[in-house]
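In case you want the letters, here they are:
2 protein chains.
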Amino acid sequence: MEESYTVLPIGRVTAPRKEAIDDQWGGIVSAIEIDARFGPEALQGLEAFSHLEVIFLMHLVPDAEISSGARRPRGRSDWPEVGIFAQRAKGRPNRLGLSRCRLVGVSGRTLTVRGLDAIDGTPVLDLKPYLAEFGPIGEVRQPSWATELMARYYDE
Amino acid sequence: MEESYTVLPIGRVTAPRKEAIDDQWGGIVSAIEIDARFGPEALQGLEAFSHLEVIFLMHLVPDAEISSGARRPRGRSDWPEVGIFAQRAKGRPNRLGLSRCRLVGVSGRTLTVRGLDAIDGTPVLDLKPYLAEFGPIGEVRQPSWATELMARYYDE
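Chains as they are written, first to last, in this note's numbering: chain A, 356 to 511; chain B, 356 to 511.
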């Protein structure tokens with residue numbers, strides 16, 4: 356059996372969306388407020404980056420919706436059953452969310468971001484600058500259901 | 356004060372590197388073994404993706420090395436002091452690591468991956484397939500120190 360670990364949010368999202376909606380995250384402008392235990396120096400130099408990676412906790416997903424096996428993404432009967440680690444559904448072990456978003460600005464302990472797919476109140480566990488070299492190396496291949504699922508995800 | 360959360364590793368890395376080294380992660384082939392509480396169906400369909408995103412816990416970083424302010428990346432005096440959330444150093448709150456790597460193969464509960472910058476024994480908190488649409492939208496901009504830092508990171 357694995358040993359558990361405790362994580363403490365480093366901040367929280369303030370966003371116009373109060374509940375999870377499947378699509379159209381592209382135009383969403385939200386804020387990430389860093390916890391008061393950090394000084395603004397924890398964000399020093401961040402504005403030199405265009406994009407961030409945000410690891411967050413999808414804290415409102417109930418236990419009953421956590422899958423540890425396979426399921427059809429979005430319950431779509433025309434898409435295959437795939438394992439929870441072969442999809443990005445929110446009902447997943449540890450409820451971790453991960454997204455890249457555009458950094459609009461930094462002011463004190465508040466970041467303004469665009470295109471973050473996290474609802475209002477979401478606890479943030481980490482922020483990292485996006486570096487081009489950390490992108491996928493080599494050609495990206497993905498199944499057609501995944502491309503269909505993403506068709507309107509980042510629409511504005 | 357923020358409320359803490361408990362996370363339980365979903366698996367563990369088996370890797371040739373026993374300690375963290377700054378560079379040359381590109382040719383490293385390692386395995387991620389999913390915990391026995393999951394069946395192989397948790398990975399069903401994953402082989403249709405070329406790349407994964409892995410969220411892991413840099414569990415060996417001692418408390419004394421966790422920064423909550425600003426520091427020079429790799430201690431380099433020719434690089435600026437930047438906040439811990441403006442760099443990807445391992446001495447960070449919650450010790451979360453995040454990388455993309457190439458999926459080489461899946462067999463039962465074991466994944467073989469290439470280019471994962473995690474040492475042997477690293478607890479894995481989540482695995483997600485990499486989807487091209489989740490890449491950064493728009494042009495990526497980063498400071499010169501970050502580009503210099505990455506110059507040999509993924510060398511083979």
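One thing to keep in mind: the hints can contain errors.
[Unchecked claim] Below 20 Å or equal to it, Euclidean Cα-Cα: the simulated EDC-like pairs (lysine to aspartate or glutamate) are:
#	chain 1	residue 1	chain 2	residue 2
1	B	445	A	396
2	A	445	B	396
3	B	373	B	488
4	B	445	A	408
5	A	445	B	408
[What the hints assert, rightly or not] Here are some chain A residues pointing at chain B (derived, C-beta under 7 Å):
#	residue
6	393
7	403
8	415
9	421
10	428
11	487
I should point out that these hints are in silico values taken from the structure, not numbers from a laboratory.
Ideal placement from N, C-alpha and C gives every residue a C-beta, glycine not left out.
Against the structure, the hints:
no., hint, result
1, B:445 to A:396, "holds (17 Å)"
2, A:445 to B:396, "holds (17 Å)"
3, B:373 to B:488, "violated (34 Å)"
4, B:445 to A:408, "holds (15 Å)"
5, A:445 to B:408, "holds (15 Å)"
6, 393, "holds (6 Å)"
7, 403, "holds (4 Å)"
8, 415, "violated (13 Å)"
9, 421, "violated (11 Å)"
10, 428, "violated (10 Å)"
11, 487, "holds (5 Å)"
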